[in-house]
Each structure stands twice: as structure tokens, then as C-alpha cells.
Amino acid sequence: MNSPSKFSHLCLVSAMAAATLFGSSRSAFAAGALKAAYVEEVIPAKTYSAQMSVLNASKSLGPGIGIFGITSLTLTNFDTSPQQVFIFVPIFSGGGCGSGGAQIIGGTGPQMTVYVQPRSTLHLTYPTPLVVNPVAGITCIAAEVTTLLNGGSVQINVNGVIN
Numbered sequence: 001m002n003s004p005s006k007f008s009h010l011c012l013v014s015a016m017a018a019a020t021l022f023g024s025s026r027s028a029f030a031a032g033a034l035k036a037a038y039v040e041e042v043i044p045a046k047t048y049s050a051q052m053s054v055l056n057a058s059k060s061l062g063p064g065i066g067i068f069g070i071t072s073l074t075l076t077n078f079d080t081s082p083q084q085v086f087i088f089v090p091i092f093s094g095g096g097c098g099s100g101g102a103q104i105i106g107g108t109g110p111q112m113t114v115y116v117q118p119r120s121t122l123h124l125t126y127p128t129p130l131v132v133n134p135v136a137g138i139t140c141i142a143a144e145v146t147t148l149l150n151g152g153s154v155q156i157n158v159n160g161v162i163n
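For the sequence shown, the numbering used here begins at 1 and goes up steadily by one.
Take these hints with a grain of salt, some might be off.
Claimed, not checked - The following label-pair restraints were derived from C-beta to C-beta distances:
1. N133 <-> F78: 26 to 36 Å
2. T128 <-> S93: 25 to 35 Å
3. T80 <-> K46: 33 to 43 Å
What the hints contain is simulated information worked out from the structure, not anything from laboratory work. We put the CB at the ideal spot given by N, CA and C, even for glycine.
Start from the sequences and build out the full structure, keeping to the hints where you can.
Below, the structure written as C-alpha cells:
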């Protein structure tokens, strides 16, 4: 009598383990399918590369539309003194990407301030892209040299992807 009871108990435990295993593999499969679908939708549609020189005023650049993922920023200071550069997402009163000065009336994030040494280059890489979402339907970044001394010339190269 002891042997059949152990056998029944063992069968019941095995059946429950099998049901749990097959049930969890279905949910793992579903999670994998969702992840695969998500990855397929976020693969970049095209690459983007642009350059701007910033001297004494705000300037902007960008694809203008879509979601912009910045993969690298390269800033070159041509001046003999260090330069502080403020990089931000612009808010325009009119115009759009490529405009600057008085047409930029504000800014939002992501924002950063970098300090570029005299006659040198600073390269910032983003293995996970720095995401810039459209503001008022326009996708851009802007920069301004904020150093009070000399108002130096800084060239900025931007690389990324557009979705």
C-alpha cells in the first residue's frame, strides 16, 4: 500500500511540474515575441550627420522631423582660450532647424554644458543614443558658446539616427 501511494504522489508532482514548465514557456515565448516586435519597430530608418559653427549666438541643427537619437557629439574649440558650450533642445518663435539667434526663445531637455579646452577637440559618444523628441513638431538641437571671454568659435559635429 505504501508503494502505490508514493507512485501516485510522484505522478501528481510530475504532472504539475510539466504543466508549470509548459505554461511558463508559453509566456516566455509571448514575451520574446513582444520584445522582437518592439525591436523591429525601433531600428533606425536612416542615419544623420551635420555640422555647425557657433560664434556669439545660438545656432541649431537637426533633421526637423522624427525622433533623433544622437550617437556622438564632437566639439572643436579653435580659440586660444577655453570655451563653455551649452547644448539644448530649442524652442522657436518661428523658423525651424538651422535658424538661431532671436528665433530661439527657450530650451528644454536634454541639456548639457561642456567645457572645451583651447585649441582642442572634445568627443562625446553615446552607446545608447541621447534621445531628442520633437518640440512643437520640430526635432533639433541647439548650442551656444556661453563663455564671456572672447566669445570663441566652436565647431560641433553631430551624428545619430532618425526614427
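Could you tell me whether the CB distance from T128 to S93 stays inside 25 to 35 Å? holds (33 Å)
CB of N133 to CB of F78, is that within 26 to 36 Å? With a Cβ separation near 32 Å, N133 and F78 satisfy 26 to 36 Å, so the hint holds.
Range hint compliance [Cβ, T80 to K46, 33 to 43 Å]: holds (39 Å)
Of the numbered hints listed earlier, not one is contradicted by the structure.
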